[in-house]
Structures are given as structure tokens and as C-alpha cells.
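Chains A and B are the protein sequences, given in the same order.
Sequence positions in the first sequence follow UniProt numbering and run 1 to 125.
Sequence positions in the second sequence follow UniProt numbering and run 1 to 344.
Because the hints were derived from the structure by calculation, they are not lab data.
These figures come from a predicted structure and were not determined experimentally.
Check before you lean on any hint, since a few could be wrong.
Computed footprint of chain B on chain A; a stretch qualifies when at least three of its residues, placed anywhere within it, have a C-beta under 8 Å from a C-beta of chain B [as the list claims (entries may be wrong)]:
| id | stretch |
| --- | --- |
| 1 | 21-30 |
| 2 | 41-55 |
| 3 | 67-76 |
Heads up, the beta-carbon is just placed ideally off N, CA and C, and yes, glycines get one too.
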Amino acid sequence: MFDRYIVVEDTLKNVPDGVQFGARLPYYRGLGLSMIEAVDVTLDGQSVPPEDVSVTLSGQTYRVPDMEHEPDAVWNFGEVGTVTVRRPAGLPPGEHEVSVRFRLRVSYLPMLLTGQDRKVLRVGT
Amino acid sequence: MTQMTTQGTTAAAGAQIRRGVSLYSFQEEFFLRKMTLEDCVAACASMGALGIETLAEQMMPGFPNLSDRFYDDWHRMMAQYGTTPVCHDMFLDTKRFRGRVLSDDEQVASIERDLRHAHRLGCTVMRVLMFVRPEILVRCIPLAERYGVRMGVEIHAPLHLSHPWILRYSEVMERENSPFLGYVLDMGIFTDHFPPVMMERFRRQGATPEIIEHVRAAYDARTLPEYVINDVREMGGTPLDIGMAEVLRHNLWSNPKHLLEHMPRIFHVHGKFYEMDDQDRETSLGYEQVIPVLVQGGYQGYICSEYEGNRHIQDAFEIDSVEQVRRHQRMLARLLGEREAAHV
């Protein structure tokens, strides 16, 4: 659900010590961060360790491994969060494959809800 | 012959059925920030669908900590567009914390939070998810009374009115005999045909054409899902083919006549739909059979359009939720015998 909209087009860029892009949660309502069990990011097919990934929502930044302690912070429905991957060398100019896979703990479902998207984005300047 | 009005029907059976929309219908446009909450309300009003149902966690960012200003603006919108708040759809995050389920006290507190919100919106019904345990709801009855909000457990496929899971609630409702405890009916329990939008998605993904046809025909013949899944395995079905057959487990046709015995407890109806064709007909659900039964039973309440087709076509098509809802409203107006349906 909404999988095709997870990775936001035209958002990939280098920042000091890392790489950033926009992402949306693939679910039909906002969810407390404590219910996001995983945000698996791969860049050009290489998976990024969770401790190197953080998400910024409404000006607040949360490292992925810390999100389970944030029941009150919400990733709103349709909100574009900024995903930052720690990568001091950044990415060279050109096209790169960005993939994100979420696992969400939805109370009324017996299993985790999974959503994923993969897009080729161009590093902006 | 019964007296018709432009909004609602028949005096003879005592039915008073009004049209509304669940803003869930416009989720695609809201998600992509093509429509605001106010745009959604305005769209409903333009169709004469004056009952508004909302999911706070979808279109009211900041819930449950909404400001007085938010509620003031909500009531300003309702007055401006002539709309009425009808139903708040709650969620209960029992798995909010990793490794433990919310305690009963925490669950009751979460439901009270929702009842208060429903009350502040002006809703008289709250949709309760069917996984909320009956004993939790019993504890909430005094709270529902205090806030003046009736709690309707959603009867949603694959469950139906006579399913053992639902009977647990019916037994409790009989025992408690509270006017604040009842049901919200979801039209998905009257799925007459395997929804073509779902089937076409499986076709796009590469499902086997003869298996698609087999599953479609088996659904129409009301074959048990387990038998159909077995058939598909024996036909050499791929995992995708088997997945398509497994969808049968989540859909069902149940006889609308069963509504008659439950009518006093039906607070609200989710007019779920997957796809309206250009003749204003739903391609899979039994509206033509169900609405006459609601009228016969004297149903008093809203049917809120709930467009759910977006998720089945968004892989391949642009979505126009407003047009889909408009067609659905035209169908409701026709089935409810509104004289001025052409304006919808």
C-alpha cells in the first residue's frame, strides 16, 4: 500500500558526512515511531547498517535503532521524512539505486506489515 | 407508495437513510498533498453527501493532541459546507510498545481518548475495530454514555453477522443491553463477485489466465476458499496464483436478510467500494440486494462511501477518488430513491 511512493523522486543529495533523500511511510495512517520495527535502506544494492540511518520528522531527528523508544513521536500520514545515511564519502554524481523497506507493527494484524520501494535517483548538486 | 425526500427515504418502514462519505476515500490525494482536509469536506458537500466520517490518524496530524483551534476550525468547516460529523474511526495500538501488549487499563484510556475526540468533533458514532475485546468495550460503556458517542464494532470481512467472533459481541450486547454498544456494518461482507480490480492486478503481475478464470468462477459458485486454493495447487499454480486464490479467504458473500434481526444495533454503514464503472455500478459488491433490506428493516443512519480501490490500481493507474466517490453517491441516491439524483 503506497509502496510506489516511499522513495521520493528528485530528493537524493550529498550532505556533510552523508547522503539524504525523502521517504514516506507505506500505510494509511500515521504511526508512532515505536511501531516501526525496521527501516532497511540499501544504496546501490549495499545494505546500510540501521545505526547509520536516521529519520528527520518535523525538525526532530531519530536514529533508527532509537525509534522503538519513541511511542509519542508520529510519522504522519503522507509526511515526507528526511532519511539521512551516514556515509562520509557521499555518493559520486550520477544515478544511484535507492531502496527502502519498512516493517510496521500494526496492532490489528497478526503479522508485520511490509512495504518496500526501489528507485533510481540522480544525485543533485 | 412511500414518501420520498431528496435526502433519505421511505417513511413507511421508518427507514431514514442518509448519504455520507468517509474521508478515507480520498487518502491517495491527501497522502500526496493534492487535497487538504477542507478540500475533502468540500468535495463531499458538492455531492450532497452531508455526513462526514474521519480517521484522525490519517488527516488530523497531531492527534491525539489537537488544539482548540483545530476543533474550532472543524466546526467552522461543518457550518460553512452544511456538513455533519457522523463517525470517528478509532484505532487501538495494543502493540504500541515493543515486547508487550497494552494493559486493559491502558486500552480503556486509549478508547476514552477517542471517545473524547469523537465528542469534540460532534460525532455520535465511533467505529471500533473488531479486534478490541468485548470485555474492554463493556468497561467503556459508562465513558461512551458520558461523551454521548455510540460504539459500533465494525463487522468486516472475512467475518459476518453470524461468525463466532462476532457472536461473542452479540452475546455481550444482549447481556449489557446498552444503547451505546452496537455495530458498524462494512459492505465487504456482501462481496458478490471476486473484485475485478483485484483480479486485474494479479493479471498485471503475471497470474495464469486459466487460473484467474477458475478462481473467478469458483467465487461466483460460492466454493469454499480452501477447495479453490487446493484446485489452484493441483492446476500447478504459481505462488502468485495461490496468493490470488487466498484472497478468497478475506472476501465473502453473506445473505443480507440476516441484517433484519440486527437492525436496532446497526449504528452506521461503511459503503465500502472497490470500483465504480461508468454506469455508476459497483463491479463486485451487492448494493442492489443490500439497500432494499436496509430500507425494509427501517435502518436509521448513514451510509458513508468508502473508496478502497486505490490500493488495487495505484501500481498502474492515476487515481481519481473524487470521481469514484461521485459515481458511488449517484448509485446510492438512485438506490435510495432520491428524486434529484441527477445533481449528485
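Checklist entry - Taking a Cβ-to-Cβ distance below 8 Å as contact, does the stretch 41-55 of chain A have at least three residues touching chain B? => result The restraint on the stretch 41-55 of chain A is violated, since only 0 of its residues have a Cβ under 8 Å from chain B and three are required.
Next on the checklist: If you count the residues of the stretch 67-76 of chain A with a beta-carbon closer than 8 Å to a beta-carbon of chain B, do you get 3 or more?
Outcome noted: The restraint on the stretch 67-76 of chain A holds, since 4 of its residues have a Cβ under 8 Å from chain B and three suffice.
Item to check | Annotated coverage of the stretch 21-30 of chain A by chain B, confirmed only when three residues or more have a Cβ within 8 Å | outcome: holds (count 4)
Hint violations for this structure: number 2 only, all remaining hints satisfied.
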